[in-house]
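Q: Chains A and B supply the protein sequences, listed in that same order. End of the first sequence = 432 in the working numbering, gap-free, step of one. End of the second sequence = 230 in the working numbering, gap-free, step of one.
There could be a bad hint or two in this list.
Stated by the list, open to error - To give an idea of the chain A side of the interface with chain B (calculated C-beta under 7 Å), a few residues:
#, residue
1, R31
2, R35
3, G340
4, I341
5, L426
Claimed, not checked - Some chain B residues judged to face chain A by a derived CB distance under 7 Å, without partners named:
#, residue
6, I8
7, F11
8, G14
9, D55
10, E97
11, P107
12, N159
Keep in mind the hints are simulated off the structure, nothing from the lab. Glycine is no exception: its CB is placed at the ideal position from the N, C-alpha and C atoms.
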Amino acid sequence: MLLNEENIDRKRSKRNRFFEDISIGSFLAYRQVIRSNKATTALIIFVMTLTFLNLVVVSGILVGLIQGSINTVKDAYISDISVTVLNNKTNIENSPQIIKTIKAIPWVDSMTARYITGGKIEANYKTKIKVTDITDEVSTSIAGIDPTDEENVTKISRFLIDGEYFGPNDSDKIIIGSMLLKKYFPVESPGFATLSDAKVGDKVRITINGNTREMTIKGILKTKVDEVSRRVFIPEAEFRVLAGKTDYNVNEIAIKVKPNINPELVRDAIKMTGADKYAKIQTFDEAKPKFLNDLIDTFALLGNVVGSIGLVVASITIFIVIYINAITRRKFIGILKGIGIEGSAIKTAYVMQAIFYAIVGTIIGCLILFFILKPYFDANPIDFPFSDGILVATTSGVMIRVALLLIATIIAGYIPARIVVKQNTLDAILGR
Amino acid sequence: MIRANGIIKKFKTGDSELVVLKGLDLHVKKGEFLAITGRSGSGKSTLMYQLSLLDEPNAGEIFVDDVNILKLKNEDKTNFRLRELGFVFQDYALIPELNSIENVMLPLLMQGVDKKEAEKRAVVALEKVGLGDKLINLPSQLSGGQQQRVSIARAIGHNPKIIFADEPTANLDTETAKTVLEVFQELSKEGQTIVMVTHEKEYALVAHRVITLADGVITESIIGNNKYLG
């Protein structure tokens, strides 16, 4: 058969060419990976795994720092639904009816109603000798609670660092927040006054609305929620007497819903009774301080900045690995081109190798993330002063980072392969 | 089959210019086994690179079956090398991560041949060069002679019109070289067009025709006996 223009000009269509490149590329890449030095492959995958973890974990911990704080506020204070005083009111009017309504909703697991007022606590009145001696007292928020209800919702007793929680027959006992005690909160600031010398078992004087009563510190609690740690807790019956309250209108109600129940359902059910005329009824997401969301955004941005640096480092690593791999195989690349293998197929082989390293590194990284790191940080949160930091890794967030890593890998794998494949075929074969 | 007219190839070395091929004319018939020989630096390998489109001459024309292959686009040149030519290099030039069968399959796969069919044809080619029992050996597991035979199998696997062999016996001992030359002779008997470059005159004589290059021109053209002398 004679050679003619038509015969040699058997141009491949773009589509066929793409699939042939993929086919040849995968043929070469697969064998280069499985038959290359195992230690080198393991090292590259290890680097990719670390890069992926760097991308996910750094931002995850930064966001988790704030998320941990949010979780703590929810667990120790607000719970799933918050019922609070309207802006122009001093307490939640019609509280008994609202409480009755809440208790009747089947999706509600438990609830706690709190009376909140300002008051004063004085510690050294027994040892004070002269009138000129400085009074050891602080003004703070005093909460009247039903100890059993509070325990059911917030499990407040787990925050006790000294002493005991209220018993069923306690009278004249208080639980005091650690931020009111110098021993636990040694900050000298007019805004954060503390009692210099008060401990469990000590008698203190509580003054509310001009009424004073001597009570005993039964326990000290410490949480990472300032609102809770700067409070004094008193059983509601004694609070009502001390505050001279004649009605049953409370200031806060925290509601915990049953597992797998959407809090919005409960919120809407309460609102439907007309309770929203007397109180603000909000889910936790609505009630949580807005600055926390801003903080999350800021920390996420910081995490992304750090992660981006990691991404650049990963790209450079992949570039170097593929470049060294390609340059040391320059002769073979020349031979492949010499025998008629398309440069695009050879480049595809290198890109596929890079993708392989990235995918395996990412899979290992995901396994480490979801089966080791996340469970570990959930069980052992990082003890920050204002939060129990957890590792936040959402599926969507992880998928975005996986995609970013893959894109960076494809680019970083393609460029060095292109540089080497572009070189003169004969020079590559002859090693010139 | 191959007609080269006035091939000139120059290399720049600093400010000076080295003319390696000086207006060389050559004609290779279909089914001919041509050996190109000459001393080191005579231009024999350079000539082969021009004929096989691995390099481009500064002047001249090369026709294969009446098509001026130098006028083909780059993509078509690659396609031409893939489909119409087979290469055997001095240092075997096998891809180290591919076993014998995979090395031979590669050009076939690139041509779009189905994987099973490519495998079948690769096995036939390897059996033809006497390596039917080394199908899955990696190059590192083969001797030099065996590697060169895999290289020949790769060159013939896709039934090319012309095989170019650049010093195929240079790295082999006499006995192994003999087996490789026997393979070329077998292929030649089957009508395969072969252009072989060698600096060893004795080996060149296995071809139908032997041309000798010196200073970029053909100084001698003799009939070979197409029979190995050893």
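Q: Confirm or reject each hint.
A: Consistency of the hints with the structure:
1. R31: holds, 5 Å
2. R35: The hint holds - R35/A has a Cβ within 7 Å of chain B, the shortest such distance being about 4 Å.
3. G340: Holds. Min distance 2 Å.
4. I341: holds, 5 Å
5. L426: holds, 5 Å
6. I8: violated, 17 Å
7. F11: violated, 11 Å
8. G14: With Cβ-Cβ at 15 Å, over 7 Å, it is violated.
9. D55: holds, 5 Å
10. E97: Given a least distance of 4 Å, the restraint on E97/B holds.
11. P107: Hint holds; P107/B Cβ to chain A Cβ min 6 Å, cut 7 Å.
12. N159: Result: violated, 11 Å to nearest chain A Cβ.
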